[in-house]
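Put together the whole structure using the sequences plus the hints.
Letter by letter, the sequence shown follows residues 1 to 277 of our numbering.
Please note: incorrect hints may appear among the correct ones.
[Unchecked claim] With a straight-line Cα cutoff of 20 Å, these simulated EDC-like cross-link-like pairs (lysine to aspartate or glutamate) come out:
| no. | residue 1 | residue 2 |
| --- | --- | --- |
| 1 | Lys117 | Glu188 |
| 2 | Lys76 | Glu142 |
| 3 | Lys116 | Asp212 |
| 4 | Lys158 | Glu188 |
| 5 | Lys213 | Asp145 |
| 6 | Lys116 | Glu72 |
| 7 | Lys76 | Glu48 |
| 8 | Lys158 | Glu130 |
| 9 | Lys117 | Asp191 |
| 10 | Lys213 | Glu48 |
| 11 | Lys213 | Glu150 |
| 12 | Lys158 | Glu220 |
| 13 | Lys117 | Glu150 |
| 14 | Lys117 | Glu74 |
| 15 | Lys116 | Glu64 |
| 16 | Lys76 | Glu150 |
| 17 | Lys116 | Glu188 |
| 18 | Lys158 | Glu201 |
| 19 | Lys213 | Glu130 |
| 20 | Lys116 | Glu142 |
| 21 | Lys117 | Asp185 |
FYI, nobody ran anything at the bench for these hints, they're computed from the structure.
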Amino acid sequence: VNMVMGLIVLGTLALRPAGWWSAAAPRTVSQGRCTQIALVSRVFGLSELVQELDQLPVFALVNENAELLQFEREGKPLTPYFVDVAAAQQQLSQARQTYGHLNLRLMPVGLGAAFKKVRNGSGLLIAGQEEVHAAEAIGGNENVDWAAGELPIFTCFKLRMPRITEGGADAEAAPVLPLWLSLADAREALDKASPDGEDVEITVTPLQRLADKMLAGLTEMDPRCMQFIPSRAALRFCAESALQKGGAPEGMEHKALAAIFDNSTPSKAGTSIFPGA
Numbered sequence: 001v002n003m004v005m006g007l008i009v010l011g012t013l014a015l016r017p018a019g020w021w022s023a024a025a026p027r028t029v030s031q032g033r034c035t036q037i038a039l040v041s042r043v044f045g046l047s048e049l050v051q052e053l054d055q056l057p058v059f060a061l062v063n064e065n066a067e068l069l070q071f072e073r074e075g076k077p078l079t080p081y082f083v084d085v086a087a088a089q090q091q092l093s094q095a096r097q098t099y100g101h102l103n104l105r106l107m108p109v110g111l112g113a114a115f116k117k118v119r120n121g122s123g124l125l126i127a128g129q130e131e132v133h134a135a136e137a138i139g140g141n142e143n144v145d146w147a148a149g150e151l152p153i154f155t156c157f158k159l160r161m162p163r164i165t166e167g168g169a170d171a172e173a174a175p176v177l178p179l180w181l182s183l184a185d186a187r188e189a190l191d192k193a194s195p196d197g198e199d200v201e202i203t204v205t206p207l208q209r210l211a212d213k214m215l216a217g218l219t220e221m222d223p224r225c226m227q228f229i230p231s232r233a234a235l236r237f238c239a240e241s242a243l244q245k246g247g248a249p250e251g252m253e254h255k256a257l258a259a260i261f262d263n264s265t266p267s268k269a270g271t272s273i274f275p276g277a
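Written as structure tokens, this is what we have:
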């Protein structure tokens with residue numbers, strides 16, 4: 001039974017909660033395998049894409065019964081999924097002032113599950129303001145309204161990083177093209193990769209457009225040679241929340257954060273980091 005309050009609707013939860021969000025491992029792809037895939041087929045199945053995206057947490061507001069907080073647009077309920085955890089916390093604070101009796105909280109949800117909701121018209125991805133402003137400034141995406149729910153994905157085509165697994169950076173796997181949700185994380189990686197000021201350019205594309213190209217086999221690089229990178233802030237929030245609930249060993253937070261942001265720091269010392277350099 002849904003509870004309707006003005007423009008707010010609480011709907012039955014359809015997405016799984018995540019007490020601890022680890023830097024879970026996409027399949028390891030060897031250099032030869034990566035090259036072979038690129039020559040044979042670049043088509044990514046929807047289930048495969050969703051599985052990859054589900055390694056990244058986004059955030060929904062739920063009540064004490066884990067029912068999703070929704071709003072109505074043109075008479076249709078939509079679930080907002082916040083990509084920026086700081087924005088999600090701010091929204092939570094505002095919602096608690098209005099609906100204090102609902103005991104609202106944030107729940108991490110896989111980006112893949114949220115993406116499926118967006119595709120069927122029942123969800124809305126809300127990017128961070130910094131990412132939206134940067135996407136507007138970078139340009140190169142005609143007819144894209146970044147403020148209307150398009151999710152910016154940042155990358156640098158000159159950059160490669162070791163593939164991340166649960167055990168950290170996989171030195172034996174083929175380097176991957178990183179796809180960042182967080183602009184700050186992208187900039188930090190590029191600063192570390194090019195401390196001497198080499199010109200490295202950040203580009204941006206909407207997730208929906210990138211996904212369509214992946215599913216149609218139209219990307220220049222095979223999708224299996226790319227990796228979506230969760231934001232540092234989102235991982236830290238999930239890990240700290242799990243620790244407070246006793247849901248994860250203390251070392252798991254550091255393991256996930258180190259796997260993505262320490263052990264895999266791009267460096268010009270590695271010849272595979274900048275292709276052709």
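Subject >> 20 Å Cα cutoff - pair Lys117, Glu188 >> reply: violated (31 Å)
Original post:
Does Glu142 lie within 20 Å of Lys116 when you go C-alpha to C-alpha?
Top reply: Judged against 20 Å, a Cα distance of about 24 Å means the pair is violated.
Original post:
Quick one, are Lys116 and Glu188 close enough, alpha carbons at most 20 Å?
Top reply: Not OK: Lys116 and Glu188 at ~30 Å, beyond 20 Å, violated.
Original post:
Can the restraint linking Lys116 and Glu72 be considered satisfied, given a maximum Cα separation of 20 Å?
Top reply: holds (18 Å)
Original post:
Taking 20 Å as the top limit, are the C-alpha atoms of Lys117 and Asp191 close enough?
Top reply: violated (35 Å)
Original post:
Is the hinted pair Lys116 and Asp212 satisfied, with a Cα-Cα distance of at most 20 Å?
Top reply: holds (13 Å)
Original post:
Are the Cα atoms of Lys158 and Glu201 separated by 20 Å or less?
Top reply: Distance of about 8 Å is within 20 Å: holds.
Original post:
Is the straight-line distance between the alpha-carbon of Lys158 and that of Glu130 20 Å or less?
Top reply: violated (23 Å)
Original post:
Would the pair Lys213 and Glu150 pass a check requiring their Cα atoms to be no farther apart than 20 Å?
Top reply: holds (15 Å)
Original post:
CA of Lys117 to CA of Glu74, is that 20 Å or under?
Top reply: Roughly 17 Å separates the two Cα atoms, so the pair holds.
Original post:
Is Lys116 within 20 Å of Glu64, Cα to Cα?
Top reply: violated (24 Å)
Original post:
Does the structure keep Lys158 and Glu220 at a Cα separation of 20 Å or less?
Top reply: Roughly 13 Å separates the two Cα atoms, so the pair holds.
Checked against the numbered hints listed earlier, the structure breaks hints 1, 2, 7, 8, 9, 15, 17, 19, 20 and 21; every other hint is satisfied.
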